[in-house]
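Trainee: Okay, here's what each chain looks like letter by letter:
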Amino acid sequence: MSRLKLLFHVNESDKWQRAFVNITNFLNDVGQGNADIEVVANGEAVLSFKSSSDQLNGTTSGSLMGQMKKLSEMGVNFVACRNALKAQSIAEESLPNFVTVVPAGITEIAKKQTEGYAYIKP
Amino acid sequence: MSRLKLLFHVNESDKWQRAFVNITNFLNDVGQGNADIEVVANGEAVLSFKSSSDQLNGTTSGSLMGQMKKLSEMGVNFVACRNALKAQSIAEESLPNFVTVVPAGITEIAKKQTEGYAYIKP
Amino acid sequence: MSRLKLLFHVNESDKWQRAFVNITNFLNDVGQGNADIEVVANGEAVLSFKSSSDQLNGTTSGSLMGQMKKLSEMGVNFVACRNALKAQSIAEESLPNFVTVVPAGITEIAKKQTEGYAYIKP
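Protein chains in written order, with our numbering: chain D, 3 to 124; chain G, 3 to 124; chain C, 3 to 124.
One chain only, chain D, in its complex shape (with noise of 0.2 Å):
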């Protein structure tokens, strides 16, 4: 079997940790390094992104920005819409490092998929 490539749409804060769960098991199914992962932000779900270097310091493993640095580390990439970020009024400066922005998170997303990354929404 060729490589597989998941695109993991994220639209909802309350389906981040849904989306944690779904990746954690699918690595631990393929093993790490086997896939290309991303995860893509847009609408109010970049608000998880939010304080993210407070969040950072002293984190526990299990809070959001936790997981999602572990799972960073472990190669996926996290994605954030700016023009959800921008009406959240977060600050692109303020994101964690492993978090790249694109101009509309929806043109990522249908890039992916051209590219042959499965979509998945959690």
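Do not rely on the hints blindly, as some may be mistaken.
Pairs involving identical chains hold if they fit within one copy or between any two copies, as the list cannot separate such chains.
Capping the alpha-carbon separation at 27 Å, the derived lysine-lysine pairs in DSS-like fashion look like this [claimed, not checked]:
| no. | residue 1 | residue 2 |
| --- | --- | --- |
| 1 | K7 | K72 |
| 2 | K17 | K113 |
| 3 | K17 | K123 |
| 4 | K113 | K123 |
| 5 | K7 | K113 |
| 6 | K52 | K17 |
| 7 | K72 | K88 |
FYI, nobody ran anything at the bench for these hints, they're computed from the structure.
Chain D is already provided as a structure; the job is to place chains G and C on it using the hints.
Mentor: Below, chains G and C without anything else, positioned relative to chain D:
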């Protein structure tokens, strides 16, 4: 990059506004006319097509139907599932002329993906 | 048109009924036997597989499990995520025989999309 093709699946009325924001941000990013966009509505989401002609007369541009009409003028295709219309007792003749009716929304969604459309669930 | 392949992703119990309506309408449109349909359940949605044998005895055809059984007899494949079953304390032996268990639902969903299955989230 080849021309992007996007299929938005809306099956809950409260997701329309989110879909319109997604589409507007996308069009602002890639430029009007540079992508193919189709919105397929099934389930109770087709309720937003009801009494459409009334809503269009004197509608403010901010109403759901007003936004739909504006996006349709920008080239976005709106498609409604006939089964859903029947389930909601909506007469096809009452639909605004920019809405196309298909026998089954799911068939349309599946076909479009085989034609290279990216699937997006707002 | 080549044979359509559809992958339904159900991760919330209250989406089962909607999925069944989607599948039924689709089959009525294209004709039974003219498409490949798989339903992958993960998350708490697998709870609907619980006590399945009890539900099947004397079940009315309108129950969730009754509808699942009927659709499986029409060729629809039902797949459950092992991680989700464990999380909900559901023994695999208790599942109806038309349900296939996979190590991780997300892997199955991604694989099927690489095989040309359209993704649909009811």
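Trainee: A separate judgement is required for each hint: does it hold in the structure or not?
Mentor: Evaluated hints:
no., hint, in the structure
1, K7 to K72, "within (19 Å within a copy, 34 Å between copies)"
2, K17 to K113, "both (22 Å within a copy, 22 Å between copies)"
3, K17 to K123, "both (9 Å within a copy, 14 Å between copies)"
4, K113 to K123, "both (16 Å within a copy, 15 Å between copies)"
5, K7 to K113, "both (13 Å within a copy, 9 Å between copies)"
6, K52 to K17, "both (16 Å within a copy, 24 Å between copies)"
7, K72 to K88, "both (26 Å within a copy, 24 Å between copies)"
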